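Protein sequence lines correspond, in order, to chains E and G.
Letter by letter, the first sequence follows residues 1 to 505 in this note's numbering.
Letter by letter, the second sequence follows residues 1 to 115 in this note's numbering.
Treat the hints as calculated values from the structure; they're not laboratory data.
Everything numeric in this text was worked out from a predicted model, so none of it was measured.
Glycine residues also receive a C-beta, built at the ideal position from the N, C-alpha and C atoms.
30 Å max Cα-Cα, derived BS3-like pairs, lysine-lysine:
(1) Lys105(E) - Lys101(G)
(2) Lys366(E) - Lys433(E)
(3) Lys101(G) - Lys366(E)
Per label pair, the in silico range of CB-to-CB distance:
(4) Gly103(G) - Phe285(E): 31 to 39 Å
(5) Leu425(E) - Ser89(G): 43 to 51 Å
(6) Arg321(E) - Asp56(G): 52 to 60 Å
(7) Asp106(G) - Pro477(E): 56 to 64 Å
(8) Val82(G) - Ser102(E): 20 to 28 Å
(9) Thr88(G) - Pro200(E): 28 to 36 Å
(10) Gly59(E) - Thr19(G): 43 to 51 Å
(11) Glu100(G) - Leu19(E): 27 to 35 Å
(12) Pro61(G) - Val476(E): 58 to 66 Å
(13) Gly59(E) - Leu85(G): 20 to 28 Å
(14) Thr19(G) - Ser199(E): 31 to 39 Å
(15) Pro477(E) - Tyr99(G): 54 to 62 Å
(16) Thr104(G) - Pro221(E): 26 to 34 Å
(17) Gln197(E) - Asp70(G): 18 to 26 Å
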Amino acid sequence: MSSILPPLLVAIPLGAAFLIPILARRLGRLADALGNLATFALLVIAVLVFPARGVYQIGGWNPPIGISWVLDGLSNLMLVVVNLVSCAATLFSIPYMEQYTSKHKYYSLFLLMVAGMNGVALTGDLFNLFVFLEIASIASYALVAFGGRHEELEASFKYLVLGSIGSSLVLFGIAFAYAATGYLNMAAISTAITGRQSSPVLILAAVFFLVGFGIKAAVVPFHPWLPDAHPSAPAPISAMLSGVLIKALGVYALSRVLFNVIGVTPIIGAVLIAVGVLSMVVGVFLAVGQWDFKRLLAYHSISQMGYVVLGIGLGGYILARGGARSAAALAMLGGVFHLANHSVFKSLLFLCSGSIEFATGTRQLKEMGGLRERMPLTRTTCTIASLSIAGVPPFNGFWSKLIIIIAAIQAGFAWLAAITILVSLVTLISFLKVLRYAFLGPLPEALKEVREAPALMSISMVMLAVLCAVMGLLLVPAVRELVLDPAVAALSQGMEYARGALAGF
Amino acid sequence: MVYTLCFALFLVGLYCVLTKKNTVKIVVGLGIMEYATNLFLVLLGYRKNGVAPILDKTTNPLEFLARAVDPIPQALVLTAIVIGLGVTSMAIALCIRLYEKYGTFDVSEIRRLKE
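For reference, chain G alone in the conformation it holds in the complex (with noise of 0.2 Å):
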């Protein structure tokens, strides 16, 4: 169910993307559709009462298997949010300069290319 909401959420992002006309809107549905994956990643790591991965020597190992979360996509999501990062500042950065080039946000003034 969470994850069907996930993707939901990713599809609306998809749909942001596709359907705006406004540079920086698409950036910010590119941003949706990163958050939604990584909200999936960190989902599949979620454990109902678990614990901190972290085991030190006062934990009985058994009981902190079954109780730690994942740790591994908690460390997939940090990097794709860095990463995420990166592609958004580039974004953004792309889109300041289409607008000192032709004056504005709109893509479908944004057109000097042929189709």
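If we strip away everything but chain E, and leave its shape as in the complex, we get (with noise of 0.2 Å):
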């Protein structure tokens, strides 16, 4: 493939990250104006680039000395994601970081992790994966100290080590995978390690990856740096972490080295779905007893990703057993499904939760109250993002955890899909907890003054709610075949990727 567009999806992002506190240093109104336009450039291109399937080859090298990019359906819908995010998020920023100094840095940093991630997902070579991983989540650690106070260095020093061991994990799985084979070309080691998964030197580069990824990702047990860390950066910066950075760093790049790359096993299988029970159970039940706004849409964050872990590692336990192709796919249709669906509710949620503390000044609903006449708009907004992570119909969220459940199902597990509707329970309880608190009741004497949030942060809520509202439409079929399947077939694939990959489709 030749177009040029592919490129420049992690081209414009970097350029703007240097162009940005050259050119704007002193105006913080063309800060905000280049960095709303190279967002949105990029949303413009991932949709463009969506119905594109093919190999791009960087400096025309063919694989395996070359570096290549492949677009498929699953890394096309996580472009599509992490851009609609980043979109919405400094639309949000114009507003809310006048709090702030230094707008120029914030927009650099913000455009070199959205570079990161676009790289992770276009990239079909192993150790470009881990330089654009560094890349985002160097970038990251700062953002999250972006404020400089107490807590947020804390934070982000606790995120910062817990991150570089996750790197080093990763980095030595990619050098186990190379001794194995010789090749850095995802393709390229899925060709060739075929037949010979179980040699001991691909389990340990598989355990490696687990862990590494898994630390990315924040699944239990490697969860404790991101209820510290999310909540600690500025509201938008949480919506990109909770939203797309785990997913892009985390369970997409695990999902596409163990799928795609070294192949599930029953057992890998099996630990996914451990790995997701876990993270599902435990983040919500240490959500339901915190009082912070944001700490406790952290530990959703773990919940939820649970979900997403727990639908992809379902599907590949099936695949690997050789049980039917159907209901695999269903399962991986639930999780990516979900993974899209949590990105737009969870950075509402994070939007809703800085526009609140944008207003208010306080993040712990015990704090909050009566805030239904003054915020109408956030208390819209909040309610439907509320309804979408609880599971409710009609919105999305109800959706992708009912074709998890069935996927569970019909694979014999009835008991998991028992937990499921056991977790989705307790989520619809602490977010009914969370709009009781933050708008109903009465309205203290310090919020009297309280308005609504500006109009450019409403208008990014805004965007993200309808979206909540309308995404189950993804599964009508016709729309379905053109999103979602292709995401599916990416992944269910599996070692068949190689196949495709080098070919250049």
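Dock chain one against chain two, each of which comes alone in its own frame, and use the hints as you go.
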């Protein structure tokens, strides 16, 4: 494929990240304009690229020598999700980041992070994946500490230590894969190891990848950094971190490597299921007791990531055991769909929390109350997002959870379905608590003068809320074949990926 | 055997990160982990009595193939070192800011966040 569009997905944010601090050091408005222009252009390109399938060879060098970027159903879906959320987050940042100084540095780091995530989604080369992973991670360490207060620095340090351990493990895994095959290109590795997945070196590589990407994805038991790091960042960054970063760097990279490069075995599938269930349950029970709005949301991120890992892992398990392809595809569909849904409603929830914090100056639920009259728009969007995450029809979260439950029952894991429903109920309880304390009840004396969020913040929240309401339509068969099925096919074809990626589709 | 030692070095780094209380020591531990990984990578390309992988007109290609070391891990390690430098400088910058705010390098005293 010779189109110019895929490299632009990395070139635009990288270029803008370096240009903004040079051009817009004195002018905050110019930084706003350039940052938003860049993310909007990226969203347009991601949508344009969406139907494309193919391989882009960097510098025209063919694999296995050159680095290739692969566009398939899953990576294209990931690109749209990443750039959609980043577009909403930058729009929200224009008024919100007025509280902080040096906006140009903020946009610069933000765009570096986006460049890293787009690169992770695009790349078809293991070492290239590591480089982009580190670009995104380092930018996010800095963004978590952006406010420079006590808690933010502490959270950032914790995040940095765990994140670097994760990166080192991933690099070790890559070294094992290279030792076993002599290739770095994902497709070439996968061709070279067909038939000898059970060799000790590859099992070791799989374990290193699992733990390394597991830390990045913040699944239980690798989660302790997330509830500190995500709430400490400025609200649009929390939305990016919880909405897309843990997915692009964690779950997407993990499933790409395990499904398409190393190949799922029943053991890997079972481990993914176990990790998913554990994250779901532990995350949600830790969340219920929280009184800090953003911290509560962060714990829910862990729990919701559990759903995604469970869906994808269940699909892999069924496939590896030689079960029905349709059941496996259904489970993966649930996982992938929930991934997309979660990025929309969780980033919306974080933006709502940012809007409340912007207006009232607090994140403690106990200090809020009665905001329903003062902030009607935030109340509406927050209610929609809460109902989505709790899985209430007709919002998007309901549909993806329903698919995961049906798939679990079809596969004969009725207890998994029962746990999923239970976790959903606890999620609902915890969000009813949020809505009750933030928006109902008497208005505290201190909040009498509170006003609705500025227009640009509202626009980005409304945009995401509308998506929450209509994303269920992605399941209409004609749309599903266009959007979700290619992503599922990319996962379930497993090792067949290699043939496509080497042949350039 | 050498690979096992690399892994042992990696575990030394991990132990340091997990048990030390001083933030700077934790950063040193991260550095040890990084360098264990880099060492492992570069050893993968090692060859006894190998020559530098530069092909010029006077060398016989077959002899070159038989003796040259694998250049890819070296390229990878260079990249990984640069990335490691970025992470380390970021970590040290955070340590300095933490010291300014809390007046200590002891992680057990740096805990404003809830458990």
